[in-house]
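Trainee: The chain contents come next:
Protein chains: 2
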Amino acid sequence: MGVRALWYENGQLVLLDQRRLPHTETYMRLDTCREVAQAIKDMAVRGAPAIGVAAAYGFALGMAEGLTPEECRDVLASTRPTARDLFSALEFMYRNSSRADEAARQYHEMVVGACRRIGELGAEYMPDDGCVLTHCNAGALATVEYGTALAPIRHAVASGKRLRVLVDETRPWLQGARLTAWELAREGIEHHLIVDNAAGHYMRLGEVDAVIVGADRIALNGDFANKIGTYEKAVVAHENGIPFYVAAPTTTVDAGLETGDSIPIEERPGSEVAVLWGRRICPEDTPVRNPSFDVTPAKYVTAFITEKGVVTPREIEGVVHGR
Amino acid sequence: MGVRALWYENGQLVLLDQRRLPHTETYMRLDTCREVAQAIKDMAVRGAPAIGVAAAYGFALGMAEGLTPEECRDVLASTRPTARDLFSALEFMYRNSSRADEAARQYHEMVVGACRRIGELGAEYMPDDGCVLTHCNAGALATVEYGTALAPIRHAVASGKRLRVLVDETRPWLQGARLTAWELAREGIEHHLIVDNAAGHYMRLGEVDAVIVGADRIALNGDFANKIGTYEKAVVAHENGIPFYVAAPTTTVDAGLETGDSIPIEERPGSEVAVLWGRRICPEDTPVRNPSFDVTPAKYVTAFITEKGVVTPREIEGVVHGR
Chain A
58 MGVRALWYEN GQLVLLDQRR LPHTETYMRL DTCREVAQAI KDMAVRGAPA
108 IGVAAAYGFA LGMAEGLTPE ECRDVLASTR PTARDLFSAL EFMYRNSSRA
158 DEAARQYHEM VVGACRRIGE LGAEYMPDDG CVLTHCNAGA LATVEYGTAL
208 APIRHAVASG KRLRVLVDET RPWLQGARLT AWELAREGIE HHLIVDNAAG
258 HYMRLGEVDA VIVGADRIAL NGDFANKIGT YEKAVVAHEN GIPFYVAAPT
308 TTVDAGLETG DSIPIEERPG SEVAVLWGRR ICPEDTPVRN PSFDVTPAKY
358 VTAFITEKGV VTPREIEGVV HGR
Chain B
58 MGVRALWYEN GQLVLLDQRR LPHTETYMRL DTCREVAQAI KDMAVRGAPA
108 IGVAAAYGFA LGMAEGLTPE ECRDVLASTR PTARDLFSAL EFMYRNSSRA
158 DEAARQYHEM VVGACRRIGE LGAEYMPDDG CVLTHCNAGA LATVEYGTAL
208 APIRHAVASG KRLRVLVDET RPWLQGARLT AWELAREGIE HHLIVDNAAG
258 HYMRLGEVDA VIVGADRIAL NGDFANKIGT YEKAVVAHEN GIPFYVAAPT
308 TTVDAGLETG DSIPIEERPG SEVAVLWGRR ICPEDTPVRN PSFDVTPAKY
358 VTAFITEKGV VTPREIEGVV HGR
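Going down the list, the protein sequences come from chains A and B.
Reminder that position 199 of the first sequence reads as 256 in the numbering used here, one-by-one numbering, no gaps.
Reminder that position 228 of the second sequence reads as 285 in the numbering used here, one-by-one numbering, no gaps.
If you're looking for bench data, these hints aren't it; they were derived computationally from the structure.
Careful, some of the hints might be misleading.
Note that identical chains are pooled: a pair holds if it fits in a single copy or bridges any two copies.
What the hints assert, rightly or not - Computed cross-link-like contacts, SDA-like style, restricted to lysine to any residue with a CA-CA straight-line distance of at most 20 Å:
#	residue 1	residue 2
1	356	262
2	356	296
3	98	217
4	356	82
5	356	298
6	356	126
7	365	173
8	356	297
9	356	300
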């Protein structure tokens, strides 16, 4: 195992602080439900599946503190609005609050197992010898282990395929530069970092054989939300006839959502864009808009790679409902 | 006059050092042809039309130093490969090297006049009350005065239209955040800064009425090179039925180039991507690819706004050849 985003030990949730990567590997030890909520809000842990697992442990910590199930749920639910997995985890924990410790471990194992299976199922869709582009970090850091988008890449490389990865730096938070490049380097997978603006250039030149990303929330019609910029990559991949894969566990599917139109899009502070390493990149009073996610319509998706199978957008509803 | 990128006085070329904006307004005083070449290479001055004017003055300085016309041309031509205006300026100066000082002033006035006219002609294509998205900096800083893409915006606002501008930050060099936001603030034009990744999001939501960019080189079939990321914005605008305008003087058109396929694309140092304010955004040894421009095929262009008229891509060849 190369990378693990979090684990539970001695009644504490241990989190790799992703804000400080790649410069330092710092671990936070969290004792309370509110500490976990704050860590999610501040993006010490991020990535939909990892947020879900952190929230499950946060719920269990809350129960141990003597909070009610409703309090645990409400504290953790009010952190970040877009990722479906957060709410999937909280619903699971709420249903199983009488055995919260065991339920959190169970949810954790379910997510890790789903990611492992996504890797196995997705690897065959990776080119035998070619280049895959990914946006943001949908690696082990985003999912606890293996990753979603990175799982098929890892599995394909482990089984002998020759993959090169183009890593979008992923402004504003630089998940690609800080996290994906760090993960791929640790595993010895060949990669190059590019600015987000260069993704289309390489697609047009025929240098990209497939695009693979994770997801934060998937609607029943196959529309999905993911890190800001995903929509542009999907449109440009489509325009160039490049397969576009979305890798996600079924906990990311929102069974209550017909289309992507009503997915809540988190707007984060403008300072995330305007300030880098403590210094502004723009004039002092420049107003900023900072949507953290965008919605990609189903028509741009070649297939969803889930732990229950690789399916077209039309088939995603059936997978969730076990059909 | 709000902003001027450069001027000639007392036998020196005075340049606003664009690398240090928006934090400090520093002016460089250049005495020699080689100093001007270095300033172009290092991007103290950038933007195709402004590079052309700087090169014209650099040529005149070289002649005054006693260099041959060939030496002046070769020193300045080997700085940056993509912008056509650099070579347009050098060809003009070479033809007029016997009266270099006067020719440089003439070239300068020609560019400023073209930008003023681009503003007048382009303003009517701006919405009466709406939002325009721009990429990179094609303002006064890129063109000496007025700008190319920003000229119609300036002129439209001056004539009473209510425009809001969405400014792509434009990684890696952050021309949008550092330069365009600075110019628009000085002129009191309403704007918001966004990450490049968010451009498509706002286009899809119907919040963008037009996209307008500059150009570094235009082929006779209407393909054009511009700052990396332009291609993605053009594809996504096209997909959403949003008009996409390219504003450029005819000095940017390469009469020797049938299509955009053979436009030379400058690859700049990876450190421009990997290092921000002196600190790396990725692991120490992450390999980087940093293409500085991309090529957008003609089919994505609604119209070229030139000083000789607003024309479709099919008509650009006729404009250049005076038909």
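Trainee: Decide, hint by hint, whether the structure agrees.
Mentor: Evaluation of the provided hints:
Proximity of residue 356 and residue 262 under a CA criterion of 20 Å is satisfied inter-copy only: 16 Å between copies versus 23 Å inside one chain copy. Taking the shortest Cα distances, residue 356 and residue 296 sit within 20 Å of each other both inside one copy (12 Å) and across copies (12 Å). In this assembly of identical chains, the alpha carbons of residue 98 and residue 217 never lie at most 20 Å apart, being 39 Å within a copy and 43 Å across copies at closest. With identical chains, the CA atoms of residue 356 and residue 82 are never at most 20 Å apart, being 40 Å at best within one copy and 48 Å at best between copies.
Taking the shortest Cα distances, residue 356 and residue 298 sit within 20 Å of each other both inside one copy (13 Å) and across copies (17 Å). Neither within a single protomer nor between protomers do residue 356 and residue 126 lie at most 20 Å apart by alpha-carbon distance, with minima of 40 Å and 57 Å respectively. For the homomeric pair residue 365 and residue 173, the shortest alpha-carbon distance inside one copy (12 Å) is at most 20 Å, but the shortest distance between copies (61 Å) is not. For the identical chains of this complex, residue 356 and residue 297 are neighbours both inside a copy (14 Å) and across copies (14 Å), given an alpha-carbon limit of 20 Å.
For the homomeric pair residue 356 and residue 300, the shortest alpha-carbon distance inside one copy (12 Å) is at most 20 Å, but the shortest distance between copies (23 Å) is not.
Violated hints, in rising order: 3, 4, 6; the structure is consistent with all others.
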